[in-house]
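My request is simple: use the sequences and hints to build the entire structure.
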Amino acid sequence: MARKKANYPLIESLEIVSVAAEGKALGRYNDVVVFVPMAVPGDVVDVQVRSKRRRFMEGYIVHFVKKSPMRVDPVCEHYGVCGGCKWQHLPYEEQLRFKQEQVTDQLARIGKVDLPAVSPIIGSEKTFFYRNKLEFTFSSKRWLTDEEVASGTEFADNEALGFHIPNMFDKVLDIRKCWLQADPSNPIRMAVREFCIAGGYSFYNPREHAGLMRNLIVRTSSTGEVMVIVIFGGDDRERIGALMEHLALRFPEITSLMYVVNTKFNDTIGDLDIQCYKGRDHIFEEMEGLRFKIGPKSFYQTNSAQAYELYRVAREFAELGGGEVVYDLYTGTGTIANFVARRCRKVVGVEYVPEAIEDAKVNSVLNGIDN
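Be aware that the sequence shown starts at 1, since it is given in our numbering, and climbs by one per residue.
If you are wondering where the hints come from, they were derived from the structure by calculation, not from laboratory data. All values reported here derive from a predicted model rather than from experimental measurement. Any given hint might turn out to be false.
Stated by the list, open to error - Mimicking DSSO-like on lysine-lysine, the simulated pairs with C-alpha atoms at most 30 Å apart in a straight line are:
id: 1; residue 1: K297; residue 2: K361
id: 2; residue 1: K67; residue 2: K126
id: 3; residue 1: K171; residue 2: K141
id: 4; residue 1: K67; residue 2: K24
id: 5; residue 1: K171; residue 2: K133
id: 6; residue 1: K99; residue 2: K126
id: 7; residue 1: K171; residue 2: K264
id: 8; residue 1: K126; residue 2: K52
id: 9; residue 1: K177; residue 2: K297
id: 10; residue 1: K67; residue 2: K177
id: 11; residue 1: K112; residue 2: K99
Said to hold, decoys possible - Here are the computed distance ranges between Cβ atoms for each label pair:
id: 12; residue 1: S18; residue 2: H63; range: 18 to 24 Å
id: 13; residue 1: E93; residue 2: R291; range: 31 to 37 Å
id: 14; residue 1: E93; residue 2: P187; range: 30 to 36 Å
id: 15; residue 1: A21; residue 2: K66; range: 20 to 26 Å
C-beta atoms are modelled at their ideal positions from N, C-alpha and C, and glycine is treated no differently.
In structure tokens:
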């Protein structure tokens, strides 16, 4: 027997009073919390509830009664569809303020922790083009926006190279310009897309497990080096070679050009062999005079400048006097271990990824660390 469709209410003139996690804001209706995406504190909105629990409801905006004076215009054309940047409509300073209030509230009110004075969040100097790594996904059937669907047009260009629609493993939004990673990230992605479409390369369909083009990873560093990894769904040597050579000629600034053949049902490449087509099989990052080797499987904090701030504060909080043994758990390439090594007697990095362990050893040698 078919389940009866729930009859959820339309809440009129709901005042948004704060922010929550995952890009949602919140208001209160009859003492019940209502989570609403795309809203900011100060908005007054009509909300259609789409799910209801005992302690909260979730809904979406159907009409703005009044827009908050906090609102700003998002810079990205994909905002609201792509799930990459959820708060472009709220000034960064306000984002930090609400996040700090949220953390303090959860520790003090919910966790019953007697907090000392809370230091302010150290914000990022860059709010755009700050990431050093992005992974894009190919799709043979791109996600159509509401405007495209409403137009009634039959679209012939169904290929996409971009980001997954939130909570949908098989839906990908085609991205024209991403504001998260500095160039040459955008030109590289667009050049790959255009070359593959012009050459008749098949884009991946996860439901059918078919298609040559699966993923594209671009990594950059503060040293100006660029790593590109193309993930293919089959071992078509001729097409692989043609695309890789095109990238090598078009973007001589790529210092590490690699590819992977992945015929598995998942997108992880940690257990696969990565082939170096041109250049080195790694790039270098630098921080406070330290040099770090980063391979294709290595973890490194995605905001390089903020990684320095994070490590600096952690080192200050540790108050190392020179005689301690420090354990750096999940050390990755040993960045934190190297960062504190000169201020303690010994540092031990713990890691389970073999490639990361090798990189950590190399980094210790590069930086003259013998402990």
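The hints, checked one at a time:
1. K297 / K361: holds (15 Å)
2. K67 / K126: holds (27 Å)
3. K171 / K141: Holds, at about 8 Å.
4. K67 / K24: Cα-Cα ~16 Å, so holds.
5. K171 / K133: holds (21 Å)
6. K99 / K126: holds (18 Å)
7. K171 / K264: Holds, because 19 Å separates the two Cα atoms, which is no more than 30 Å.
8. K126 / K52: violated (38 Å)
9. K177 / K297: Cα-Cα ~26 Å, so holds.
10. K67 / K177: The hint holds at about 27 Å.
11. K112 / K99: holds (18 Å)
12. S18 / H63: 18 to 24 Å: holds (21 Å)
13. E93 / R291: 31 to 37 Å: holds (34 Å)
14. E93 / P187: 30 to 36 Å: About 31 Å separates the Cβ atoms of E93 and P187, which means 30 to 36 Å holds.
15. A21 / K66: 20 to 26 Å: holds (25 Å)
Of the hints listed earlier, the one the structure fails to meet is number 8.
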